[in-house]
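Using the sequences plus the hints, can you model the full thing?
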Amino acid sequence: GDSVTQMEGPVTLSEEAFLTINCTYTATGYPSLFWYVQYPGEGLQLLLKATKADDKGSNKGFEATYRKETTSFHLEKGSVQVSDSAVYFCASTSGSARQLTFGSGTQLTVLP
Amino acid sequence: DAGVTQSPTHLIKTRGQQVTLRCSPKSGHDTVSWYQQALGQGPQFIFQYYEEEERQRGNFPDRFSGHQFPNYSSELNVNALLLGDSALYLCASSLGPGGETQYFGPGTRLLVL
Numbered sequence: 001g002d003s004v005t006q007m008e009g010p011v012t013l014s015e016e017a018f019l020t021i022n023c024t025y026t027a028t029g030y031p032s033l034f035w036y037v038q039y040p041g042e043g044l045q046l047l048l049k050a051t052k053a054d055d056k057g058s059n060k061g062f063e064a065t066y067r068k069e070t071t072s073f074h075l076e077k078g079s080v081q082v083s084d085s086a087v088y089f090c091a092s093t094s095g096s097a098r099q100l101t102f103g104s105g106t107q108l109t110v111l112p
Numbered sequence: 001d002a003g004v005t006q007s008p009t010h011l012i013k014t015r016g017q018q019v020t021l022r023c024s025p026k027s028g029h030d031t032v033s034w035y036q037q038a039l040g041q042g043p044q045f046i047f048q049y050y051e052e053e054e055r056q057r058g059n060f061p062d063r064f065s066g067h068q069f070p071n072y073s074s075e076l077n078v079n080a081l082l083l084g085d086s087a088l089y090l091c092a093s094s095l096g097p098g099g100e101t102q103y104f105g106p107g108t109r110l111l112v113l
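Protein chains in written order, with the working numbering: chain A, 1 to 112; chain B, 1 to 113.
What the hints contain is simulated information worked out from the structure, not anything from laboratory work.
Remember, predicted model here, so these are calculated numbers, not experimental data.
One or more of the hints may lead you astray.
What the hints assert, rightly or not - Pairs of lysine to aspartate or glutamate, DMTMM-like flavour, derived with a Cα cap of 20 angstroms: (1) A:K56 / B:D30; (2) A:K68 / B:E100; (3) B:K26 / A:E42.
As the list claims (entries may be wrong) - Some chain A residues well away from chain B (every beta-carbon gap over 12 angstroms; in silico): (4) G1; (5) N22; (6) T28; (7) K49; (8) K56; (9) E76; (10) K77; (11) Q81; (12) T93; (13) Q107; (14) V110; (15) P112.
What the hints assert, rightly or not - Not close to chain B: a few residues of chain A, all C-beta gaps over 10 angstroms, as computed: (16) E16; (17) A17; (18) F18; (19) Q45; (20) D54; (21) G61; (22) S72; (23) L111.
Note that beta-carbon positions come from the ideal geometry of N, C-alpha and C, so glycine has one too.
Take a look at the structure:
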């Protein structure tokens, strides 16, 4: 079945550091890919998405490019802030209901 | 623009009891999906409702059931609760069953003792 694999966490960075969180997927068909963010005690917020190969999703300084050849959708940000501290989930869609398959999440902590 | 809302926010039950969780979709959305998120894990798909019918189901037992109302709101019912049912239950809404983007509510945290 479909699956999403994220890099192991937690990740701790200093403010203004460069961020990469790796994500790879296995899927049948042509999934859309997403990054969601979860702040403590809250639900999931959509961060960005890409619906086809070579698309780049971007939002709030975060970017990710849909790479079909490497089945990857790595999340990057050039300069992280303390307020970016959260858990980040990579996800893909599958099935007629386009249900989301999530990775296990990566906890990011940014220190001032 | 009202987002996805869920109630209650927290719930404590004992083993063997039954629970009902509620969800109202984002304004304009007609499809509701439910996910279970165990502590430290990513959410897992339970099922999706559209036009008041269950359209797709994940790998969850029949103890998990749902309902969708004519106003598109939805309920998730869990019978014969087990300790392992303790989790954050997330509702997501989309426009149509094949809607590309799902928007999540804040979740209901269920603790089974």
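inquiry  = For A:G1, is the shortest CB-to-CB distance to chain B above 12 angstroms, so the non-interface label stands?
reply    = Non-interface label fails for A:G1: nearest chain B Cβ at 9 angstroms, not farther than 12 angstroms.
message = Just to be careful, I want the Cα atoms of A:K56 and B:D30 compared with a cutoff of 20 angstroms; is the pair within it?
response = violated (28 angstroms)
key: Verdict on A:S72 as a residue remote from chain B, using beta-carbon distances over 10 angstroms   = Given that every Cβ of chain B is farther than 10 angstroms from that of A:S72, nearest at about 17 angstroms, it holds.
inquiry  = Please check whether the beta-carbon of A:E76 is more than 12 angstroms away from every beta-carbon in chain B.
reply    = Check passes; 20 angstroms lies beyond 12 angstroms.
request  = Take a quick look at whether B:K26 and A:E42 sit within 20 angstroms of each other, Cα to Cα.
outcome  = holds (17 angstroms)
query = Hey, does A:N22 actually stay past 12 angstroms from chain B on C-beta?
reply = holds (15 angstroms)
task = Determine whether the non-interface label on A:K77 survives the test: each CB of chain B must be over 12 angstroms from its CB.
result = holds (20 angstroms)
task = Run the C-beta distances from A:D54 to all of chain B and say if the shortest one exceeds 10 angstroms.
result = Correct as stated: the minimum Cβ-Cβ distance to chain B is 17 angstroms, above 10 angstroms.
query = Are the Cα atoms of A:K68 and B:E100 separated by 20 angstroms or less?
reply = holds (18 angstroms)
ask   = Taking the minimum C-beta separation from A:K56 to chain B, is that value above 12 angstroms?
value = Label holds. Min Cβ-Cβ 16 angstroms, cutoff 12 angstroms.
query = Looking at A:Q81 again, its CB stays over 12 angstroms from all of chain B?
reply = holds (23 angstroms)
query = In terms of Cβ atoms, is chain B entirely out of 10 angstroms range of A:L111?
reply = Per Cβ check, A:L111 is outside 10 angstroms of chain B; nearest 22 angstroms; holds.
Checked against the numbered hints listed earlier, the structure breaks hints 1, 4, 7, 12, 13, 19; every other hint is satisfied.
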